[in-house]
Amino acid sequence: MNLTYLVLAMAAVTYIPRMLPLVLLQNTCLPRYIKSFMGFIPYAALGALIFPGVLNSTGAGNLESAIVGCTVSILLAWWEMNLIMVVVGGIVASFIVNILLK
Amino acid sequence: MLTKRSKFIEGVKAGLPVAIGYIPIAVAFGILSKSLDIPPYISVLMSLLIYAGASQFIGVNLLVLGASFGEIIITTFLLNLRHFLMTATLSQRFDGEVSKKWRAVLSFGVTDETFAVSVLRQEDKLSKYFILGINTVAYVSWNLGTWLGLFFAASLPEVVKVSMGIALYAMFIGLLIPHIKKSKPVVVVSLLAVVINSLIYWGSMLWGFSNGWGIIIATIASAAVGASLYSEGKEQV
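Going line by line, the protein sequences match chains D and B. Going by the working numbering, the first residue of the first sequence is number 313, and it counts up by one from there. Going by the working numbering, the first residue of the second sequence is number 9, and it counts up by one from there.
Each hint should be verified, as a subset may be incorrect.
What the hints assert, rightly or not - Label-pair restraints from in silico Cβ distances:
(1) D:Tyr317 with B:Leu73: 28 to 34 Å
(2) D:Ile328 with B:Leu237: 39 to 45 Å
(3) B:Leu86 with D:Ile379: 41 to 47 Å
(4) B:Phe159 with D:Asn314: 46 to 52 Å
(5) B:Pro48 with D:Leu375: 15 to 21 Å
(6) D:Ile346 with B:Val148: 41 to 47 Å
(7) B:Leu207 with D:Ala324: 29 to 35 Å
(8) B:Leu199 with D:Asn394: 24 to 30 Å
(9) D:Arg344 with B:Ile50: 45 to 51 Å
(10) B:Trp210 with D:Ile328: 16 to 22 Å
(11) B:Asn151 with D:Leu342: 52 to 58 Å
(12) D:Asn314 with B:Leu199: 44 to 50 Å
(13) D:Ile346 with B:Lys21: 40 to 46 Å
Hints were generated in silico from the structure; no laboratory data involved. Here the structure is a predicted model, which means the values were calculated and not measured. Glycine is no exception: its CB is placed at the ideal position from the N, C-alpha and C atoms.
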């Protein structure tokens, strides 16, 4: 029962930062700088989310498969493949490297 | 009626790469929490109610390390502050009036991944049904994956599980690269975020602060630099 309370509290502190801006900021007229700032948020967040996190993505000590998977995904994305192909290509490439290095 | 349904289905399709990426991570969460002797109903509840990968992993880890509930709750909060930026950005993209009730429901499904897929759409304004579609398919896959991990996972070979860890990063790459090709400001901002986050990441190993802050600081700082450099001219993104 105690653990259930913990989960509820964690759910609350996860939900609140998600919910407040979306509910409070209706389509208001924001200053140009803020609009530009918000326009850059997705690209900034993606950059920070990708690196260096990707280096550990295929498990500790599997740097090679992470780098190869990452490179294959970058190439597929550069050739404007469908997003699912980019994901599947990255998985298959790291899988092959993992098999070869075992 | 028809457009509502077709927007929802369009959202489900757009969310499929997210759903694929969630399965291995949610399976890993299920396996980890089972191996740490967390009661299965707690893990199921976590995926249903918290629905945030990093928080759930850190939650069960801290729990096993004997951290206090207060510590776990504060860490979860810090880790999720970045969603504050994301939903603030998303709030500017709705198509027409969207009621507070709808906004409260949609905000529950905002994650790094569903956010990125939503806001990087080409259309300027997004339908609430479209976002609901993305959120639904991602949420279902996260919870399905948790169940698979808790109750059926032993059969997946280790090498498959490990290789699938790249899935979400591959998706982030797939979302970012096409924009990098098109816009120099995007190149500058995203590379700056990589550099700042790397400095914080390797710096934090030396000084010991949480990497949850790294992503927030890198995101705010590089978006602010981008806005200062490019908000006046025509190079808007």
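Status of each hint after checking the structure:
1. With their beta carbons about 19 Å apart, Tyr317 of chain D and Leu73 of chain B fall outside the hinted range of 28 to 34 Å.
2. Separation of Ile328 of chain D from Leu237 of chain B is about 32 Å and departs from the stated range, judged on CB atoms against 39 to 45 Å.
3. Look at Leu86 of chain B against Ile379 of chain D: about 30 Å separates their beta carbons, and that is not inside 41 to 47 Å.
4. A hinted range of 46 to 52 Å is violated for the C-beta pair Phe159 of chain B and Asn314 of chain D, which are about 24 Å apart.
5. Hint check: Pro48 of chain B to Leu375 of chain D, Cβ distance near 34 Å, so the stated range 15 to 21 Å is violated.
6. For the pair Ile346 of chain D and Val148 of chain B, the supplied restraint of 41 to 47 Å is violated, since their beta-carbon distance comes to about 35 Å.
7. Under the hint 29 to 35 Å, the C-beta atoms of Leu207 of chain B and Ala324 of chain D, about 33 Å apart, fit the expected range.
8. Separation of Leu199 of chain B from Asn394 of chain D is about 25 Å and conforms to the stated range, judged on CB atoms against 24 to 30 Å.
9. For Arg344 of chain D and Ile50 of chain B, the hinted distance range of 45 to 51 Å is satisfied, since their beta carbons lie about 47 Å from each other.
10. Between Trp210 of chain B and Ile328 of chain D the beta carbon distance is about 31 Å. The supplied range of 16 to 22 Å is therefore violated.
11. For the pair Asn151 of chain B and Leu342 of chain D, the beta carbons lie near 35 Å from each other, so the given range of 52 to 58 Å is not met.
12. Look at Asn314 of chain D against Leu199 of chain B: about 46 Å separates their beta carbons, and that is inside 44 to 50 Å.
13. Restraint check, Ile346 of chain D to Lys21 of chain B: a C-beta distance of roughly 32 Å breaks the suggested window 40 to 46 Å.
Against the hints set out earlier in the document, violations occur for numbers 1, 2, 3, 4, 5, 6, 10, 11, 13.
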